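Kindly produce the complete structure, drawing on both the sequences and the hints.
Line by line, the protein sequences give chains A and B. Quick note: the first sequence, position 74, residue 74 per our numbering, numbers continuous. With positions in the second sequence counted from 1, the corresponding number in our numbering is that position plus 1000.
There's no promise every hint is true.
What follows is a list of derived Cβ distance ranges for each label pair [what the hints assert, rightly or not]:
#1 B/1017 - A/499: 50 to 56 Å
#2 A/269 - B/1057: 49 to 55 Å
#3 A/266 - B/1073: 55 to 61 Å
#4 A/754 - B/1134: 39 to 45 Å
#5 B/1017 - A/328: 29 to 35 Å
#6 B/1076 - A/269: 56 to 62 Å
#7 B/1057 - A/328: 54 to 60 Å
So these bits of chain A aren't anywhere near chain B, every CB distance computed over 12 Å [unchecked claim]:
#8 59
#9 275
#10 731
Hint data in this document are derived by calculation from the structure and do not stem from the laboratory. The structure presented is a predicted model; accordingly, all values stated were derived computationally and were not measured. Don't be surprised by glycine CBs; every beta carbon is placed ideally from N, CA and C.
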Amino acid sequence: MGTMLQKSGLKPGEIPELKNIEHPEMIAAVHRAYIDAGSQVVYANTFGANRRKLAKTGHSVAEVVSAGVRLAKKESGEKAFVALDIGPLGELLEPLGTLTFEDAYDQFAEMMEAGVAAGADLVVIETMTDLYEAKAALLAAKEHTKLPVIVTMSFDASGRTFTGCTVAAMAHTLEGLGADAIGINCSLGPVELLPLLRELRRNTLLPVIAKPNAGLPDPTDGHYDLSADDFASAMALILREGADIVGGCCGTNPDYIRALRQVLSEKKDVRRVYEPRSVVCTPTVTLPMDRIRVIGERINPTGKKRFQQALLENDLNYIVDVAIQQLDAGAEILDVNVGYPGVDEVTMLPRVVKALQAAVDAPLQLDSANPQALEAALRVYNGKAAVNSVNGKEESLNVILPLVKKYGAAVVGLTLDEDGIPDTAEKRFAIAEKILSRALALGIPQQDVWIDCLTLTVSAQQEQAEETLRAVAMVRNQLGLQTLLGVSNISFGLPNRLLMTQTFLIRALHAGLTLPIVNPNQKDIMDAIAAFRVLNGEDAQSKRYVARFADTQTESKPAAGFTMTLDDAILRGLKTEAGRMAREALKTEAPLSLVERHLIPALDKVGVDYEQGKVFLPQLLSAAQAAQAVFEEIKTVLANTGAETVSKGKIIIATVQGDIHDIGKNIVRTVLENYGYTVIDLGKDVPPEKVVSAAKEHCAKLVGLSALMTTTLPAMEETIAQLRRMDAPPAVMVGGAVVTESWAHSVGADHYAKDARAAVAIARQVFGE
Amino acid sequence: MTIPISEVLRYLGASAADEAARLAVGQAAEELAAALAPCFVYKVFSVEHTDSGAFLPEAGLFLPGAMAKTMLQGCNRAALLCCTLGAAFDRLLRMTQARDMAKAAILNACGSAYAEAGCDEAEKEIASRYPGMYLTDRFSPGYGDLPLTLQPDFIAALDAGRRLGVTVTDSLLMLPAKTVTAVIGLSESPQPARIRGCGFCALKEHCAYRERGTHCGI
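As structure tokens, this is what we get:
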């Protein structure tokens, strides 16, 4: 459509969808030409007819979409199906941009409603480059229409979209969410698309679509290099490769479709090389369950005071740190549990999921007893997740499995039911079978059902250890399913727990445990898994094992004879060392004294060196991060003793509305936090009202605002004005690339912070030190 | 394409003689170059000169103001260029920030230098496609009096949304973050350097380099 409209005189910058209303004859002619050429499905001219693009046109989404679909219907009659065409919104979703998943969903839903009302035969979601946006659109289609839905995304020749999404991740995510056909459009010519099509067919059982461009564009003038005949010959190869639905994207016209019709007879029913294996994924990481996969258990508040405190204080950075530590220690999937009295899981679980997927690249296992929390988290998860858990109780099966089916997740089935945990392996196996059959009945693929045969504490129920291991072996050998165990439960109440846990783990792996849920920060546990991976042949030539035990040095060590102090460790930015020394020091020294006598003097020294140009910014930040490790030790001690947090005062910081460059603000946060201030970071693109309400809520004495672009300075000014109107306005400091001291004062800011060090000086002044 | 280390050190305010800094930057630059490469698109348009600026008819784009007028005087053609490190860089930077802010600050500076290096590469390619033509300095919306409001039409003229994944927010910021748009005039006669140096710079009043008695190198 786009190519044809440009030929018909569409000018750059014009909105093509408005032609549905202004020049319907122009659109009708294009449809007619394609139907005459033999198109069996025509896409209505609705690609970009979304709320954002139509905002300033005076036309509503319903009006433009409806006109587009009706035009196509009128031309196609009985000869072709009409697809409601849905393209990207033209604005990037979080975390890349600022559009929320929920807003994107609403915009797509509006288009879906209009398309259905106008009589579309199917929905096509196309040219997507962000899996998250494709998911929002697909969910909107499934929830607002009953029509078949096709989703195609655009990849480069390396097999990734602009946002890094792989073909495999797309396939597993979209098939799980219930797309009826999936494929690839735009970006490439047919020749370049061929290998990607093969990859796609290896990862899905759905019909696949290939709708490439007319070759590659010339860099200077944008013309595509394949003629209609060349295009059709190349498409014949695509058909022979097993494509089920074909078409042409940019640079093609009705001649190309006519030529394509000529080669349709080339279509072959090519046998698919599809291995049914369970997969969880993020857009960039696809993890098949084809070997032992370690699930990290540490994102869980049970028995962890510091974690509980972080949850109650909404401290997502702490949770992200826990995730990073586990991944660095070898976890491949992260279990995420935020259930704790006083925490609303329905809002917290999705919030944590969003924070985690912005910062780390690992599939998540959503762990909650609350179905609403699970659904809220499944909605916003970007990729294919696992759900922990369903069990053999009717209520659980009836509520959890439909969610798993709808969002296309894998699910952990616990072998317990209304009568509790059975005491024999056979009875647990029977529950596993029941869970599996109920899942299959709903259309959940067999491989996506994972079974947890439940570890009981050996000091309390000694004979049950053996039953658990037997059940694992039965589930693995007889049903062929993935098996999980939370192994550390085994050793409660015994001395030398680690030895008991490790021994049980090794036996369980031998019995057929594939997904151990462990604390990966325990080296002995991960050592045992590393050794097992050699013995079972996963670790070819023992490469990973050898690498694991090769002498590695991550932080520079001081020369022999030099006795390092805590101050030295901070000055040198040695995070691990600083944390370890703080842990030692806290045995004899009070937390506050540690901060005042060591931490702050050391940071000040680096700060002065920075101001004098003796060290550069990253060194200042390294020192700040070493200080952060010290603070983390202090917080743990305080959380365990139930004492008040050490805080010198609350500071709110934000990158102003419209601005999305936030690294400068994040640097300021890192440094301020390590001087002992509690920093409430509102993030980027923050509306003035939100800054004001946060200032009120936290009674903050100081607010810091950052702006990078001249275009967002007015938003900074407005935020200051609104803060000034508060009954007891906080002091305001501002900074950012384009902010100058004189401008800062002219708009009523109290302080101008040229860098993070200056922000510390201002904080000291405001909080009186 | 290489990332100029000394350029990055200058962005970070580190002395060129600081060996530790040079080492840290070198390592980050190496990792970045291995992870991704800048992508660019450009298109060459004819230029019509007007009293208040320059018009590119095939793009339907008017470049208002004295800078466009001065820069493109004597040019019958102009290239519009967009270069980006893509969403992959934003992702890398976001994830690095969660792990190590010091490393992130270095990576951020490397990214800026890398995007500029990408523009240099594109410029070379344009020059090689138009032998015998002289290129003006690059200039960009948001500098001098060339307004940032051009950005959406600029991106549309290059189809950079579809070809590079570049978007413009309502507040006229481009995403992915390390994205540069620029105009380069093509002339049949040699072009003087017109906008290099502090005298032309909008930031000269509060420039950190100038405060230290140096300059940014442009």
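Discussion item. Which constraints among the numbered hints does this structure fail? Numbers only, ascending.
Written reply: Violated hints: none; all satisfied.
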